[in-house]
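K.L.:
These protein sequences, in sequence, are chains A and B.
When the letters of the first sequence are read in order and numbered with numbering that gives the first Met the number 0, they come out as residues 0 to 493.
When the letters of the second sequence are read in order and numbered with numbering that gives the first Met the number 0, they come out as residues 0 to 599.
Since the hints were derived computationally from the structure, they do not count as laboratory data.
One or more of the hints may lead you astray.
Stated by the list, open to error - To give an idea of the chain A side of the interface with chain B (calculated C-beta under 7 Å), a few residues: (1) T79; (2) S81; (3) Q151; (4) I223; (5) R243; (6) A249; (7) Y263; (8) T267; (9) T394; (10) G437.
For each residue, glycine too, the CB sits at the ideal point set by N, CA and C.
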Amino acid sequence: MRRSDRREFLRQALHGLVGSAAFGSVFGKLFLAQNAVAGQRTLLGTDYRALVCIFLEGGNDAFNTVLPRDPATHAQYAQTRSFLAVPLGSVVPINPISGPLNGGTWGLHLDLSGVAELFEQGRAAIVANVGPLVRPTNKQLYNQRGHPLPPQLFSHSDQTVVWQTPRADTRTRLGWGGRLADIFHATNPNQVLSMNVSLAGENVFQAGEVVLPYFVSPDGVERISAIATSQPNCGPANDWRRRRCLTFRALLDLPHAHVFERAYADLTRRAMATSEQVLAALEAFPRNDPAYRPFWERASLPWNPDNLATLPSLSAQLLMIVRLIRARSMLGMVRQLFYARLGGFDTHGDQLNQHPPLLSQFSQAVRAFQEVLDNLGLAQLVTTFTASEFGRTLTVNSSGTDHGWGGHHFVFGGAVRGRRIYGRMPSLVAQNNPDDAGWGQIIPTLSVDQYAATLAKWFGLSDADRDLMFPNLIHMSGPILAIPGPDLGFLNPP
Amino acid sequence: MPLRRALAAVLLGVMATALPPPADASRTIFESGFDEAPEGPYSRAEAARFLTQATFGPTLASIEALYRQGYNAWFSEQFAAPPSLQLPFLDQLLLAGQEQVWQDKRQEIWWRNVLTGPDQLRQRMAFALSQILVVSDQNGALEGNPTTLAHYYDQLVQHAFGNYRTLLEVVTLHPAMGHYLSMFKNRKPDPAQNIRPDENFAREIMQLFSVGLWWLHPDGTLVDGNPAQPGVQPIPTYGQETIRGFAHVFTGWNYSTCEPPVAPEGAPQFNWWSWTWCPAGPQGQDWRLQPGWRTPMKPWGEGTPFGDIYHAVAGSKQLLNYPGVTLPGGVLGPGGTARGNLGIALDNVFHHPNVGPFIARRLIQRFTTSNPSPAYVGRVAAVFANDGQGVRGNLKAVVRAILMDPEARRPELAPSHFGKLREPLLRMTQMFRALDARSRDGRIREGWPEYHGAQAVLRSPTVFNFFLPDYALPGEIAQSGLVAPEFQIATDPYIIRMHNFTWGRISWAWWGNPGLGSWDPLQVDLNREMAIAHDPERLLERLSLLFMSRRMPPAMFDLLLVHLRDMTVQNQGGEENWRRRRVQDALWLILSSPQYLVEK
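Pulled out of the complex, with its shape left as it was, chain A reads as follows (with noise of 0.2 Å):
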């Protein structure tokens, strides 16, 4: 999108949503600068509900996670994936109440038992062969000059950009978690702390056009130790600390001349704004909580809250975004987007030993999240989905798998139709393979517009707004795509 279509959309996203409050935080002035149209502010929704991406960071191979079990299509799969392949005894059986669209037994990866739990209580589903599309594609339109297809295919850095971006025409770097919060934003009571939480630091899904993300760590916040508190007026604290405090606010409030200045000197305010508000929030929701013990258990390590570092990195950035979630209504927040990632993902070579420690460690921090969501009576409040930049190739290397474009994935959450397999499978067999776009990348049958879309309008977009977002939605219709249209069915309504 060009920056002029852009600022127009915003203009028109924003327009009616943005009120005095909004002015005070430290993107008032950037609301400001950009939206000269200050409306009667319109809140979206009071009712809390979160949205947490969980990003498989380097492609995660979709064709070792989900597996064919009838013996058939196990057999090509088995031939396609050569040393690869899962053995059929391995396969951790599901029971779809409906399975995807042209039929098939299905089952996990063995180190996604934590899943397979989760998807026969109905508290998963598995959305089948997505990835970035602009128009519907198959082989032969794939091949066909002209015909629109996402810039740099199968190159880590660019897909990462057009999975999280809502239009896979472009690599500008929004992400539609972030034009999300531009919407939303205005809707929290609390205008200071962003609505976009990061836990693995900056991100395309949640860089907005005026929202920029928090970024906390998972284990916990500090403070500026030199000056000991980060309240605006330096606090009430009558020691030096305080005097030095008070410089370094003046400093940072001198005008700046340089663009970078002024956008540093913005990013420490709001560090230090947001940090003593989230720290006494932690305090409230501490980490030694019995509520969190699945964390560990589900991990089969010793409960320790005491030591972190202890926990998987994914556990540790779920255990925070519990507790945030947790502390909803002290931090003043109703719509909110986590973001957690796992990488490692790249799998090029030595995949028999890379992959599965991945699944694993994936397959019980989503399993204890959801069940300290569930103990605690917030699953229908937060969905969570995963994201990864692409499927990796349905044939082999010789000792991993390459860059691909589609593949499977997963939504959790008490809103979720789980215990179905949205979508279709596609072919496995090497020769000739109908779904492959050259050398083993599988033609996505479901556009990442489709998946962040239903996402997002359980999240409360509205129809127009979910247009003007995802401007190539209207195009994702007609009998090339597994299922046509905007909403994927595969979250209750709010």
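We have chain A; now place chain B onto it with these hints.
P.N.:
Okay, now just chain B, sitting in the frame of chain A:
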């Protein structure tokens, strides 16, 4: 004052009285008029600014030395300085057997070399290259192997002023890169098993190490594929066919230490296991000392009658195609050897017209500014294309062109957004160097700097480095069409942790603090500044020179001056505390200010 400098000063004085010259007259006159041009720096402030860009941080001594010798002599000295290496230190530790040798020891020798090595420019160039030609210990095959990464880094150091074509080959054949981007043991297609060559290295050498994804003009701007349409329609530099072609080229390589094949493939005596289970060295030897991890990979079978067994020779390979390409249509025909085809393929990459502007922009971003003008990129790319002696890819000429470019040297000619957010490691090294940080026993225990700053050398989370060259922070930066790579890791936790890291060193880990007990970290030396702490203006002048090239804004200077004057012997607990605390407050307030953190 050296004679030539005195002469220059006199002449400048004469000119200044005769007719007011334009602001840049001194340069143009001297560049054309004298054999040994006094090319600057013309002040200690200019010297400090240059050293901030070209080294791991200025010191009072290095500022003085550069000011006296001038840029040309400084470059000659730096180009001649012997390289400071990492591997000898790790080997010495391993052979001594007195302590654990893991990645933290590799970090230690990096710190030592960049903090105290005389080859500052070489080290800075290697650091820049390590963020372009990325390998990382965040990788299953490499995390337990500090020595192969040290050896890899040493190669960057050794070739920092060499030729980029040579460096590309060294990097391609290094076993650390072989493991990181899985060219190691990459094999020709095996249709029976549905196995095809691994595309990992093929893709990244083009996307990240050489030509990039899109066609570039010589000044680094995108070529527009359809000027009739609004906006720029970029043109891909290569397609999947080319990636496949290179994937086939990069096959057949293994450790240099394998038993060779004793029979052709398929024969009963064929020893395939010598490929599959090739050891990197003698059985029982510590893998960190094994020769296979520190010598270039080798085609298995090279020099035997059976040839390069696992190299793909059947069929032709589509390589890069561009105007003036040597191979017809960029196609490499069937046959050849693994080594021969690799050489042809790397030549094919190296001579692509994108390489100059692509690498120039990335290097400029590491040294001087996030947003170089197209003209700046174009000037450096032109030097990459031809160093003046007809040589392409001369990195010595390139780094000099980057640092001596008018846009880098003369702030008045640069756009107002010139500069970059200081990256965390360079913040740390600058503080340590300026304050002569050292430990009592000479060791450096800074093995995990990423905890504070999300950055440690050869420890990037992915091959895409700690931050992307085109990252734009949402908000004013993105809306101005600017990029700001280092902002990608300036997230809330790391903003706070870096402030705390700085404060921890300044307030606690200072040389002579009895409270340290047996703890022996790098300790900053505050004594030199404490000696002038009674004179806060002088103290601030000095810190402004060391850390901000004397470009501290007056309003900032005044705020700090008031702050320091408010610190009295009475309210700071006695004379010595008063002096120390003035220095500590001045240092921390400067080092955590946006004015300092954006290097301009």
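K.L.:
Indicate, hint by hint, whether the structure satisfies it.
P.N.:
For each hint, the structure was consulted:
1. T79: holds, 6 Å
2. S81: Given a least distance of 5 Å, the restraint on S81 (chain A) holds.
3. Q151: Since the shortest Cβ distance to chain B is 6 Å, the answer is holds.
4. I223: Nearest chain B Cβ about 5 Å off; hint holds.
5. R243: With a minimum Cβ separation of about 6 Å from chain B (threshold 7 Å), the hint on R243 (chain A) holds.
6. A249: holds, 5 Å
7. Y263: At about 4 Å, which falls below the 7 Å cut-off, the nearest Cβ of chain B leaves the hint on Y263 (chain A) intact, so it holds.
8. T267: holds, 6 Å
9. T394: holds, 5 Å
10. G437: holds, 6 Å
Checked against the numbered hints given earlier, this structure breaks none of them.
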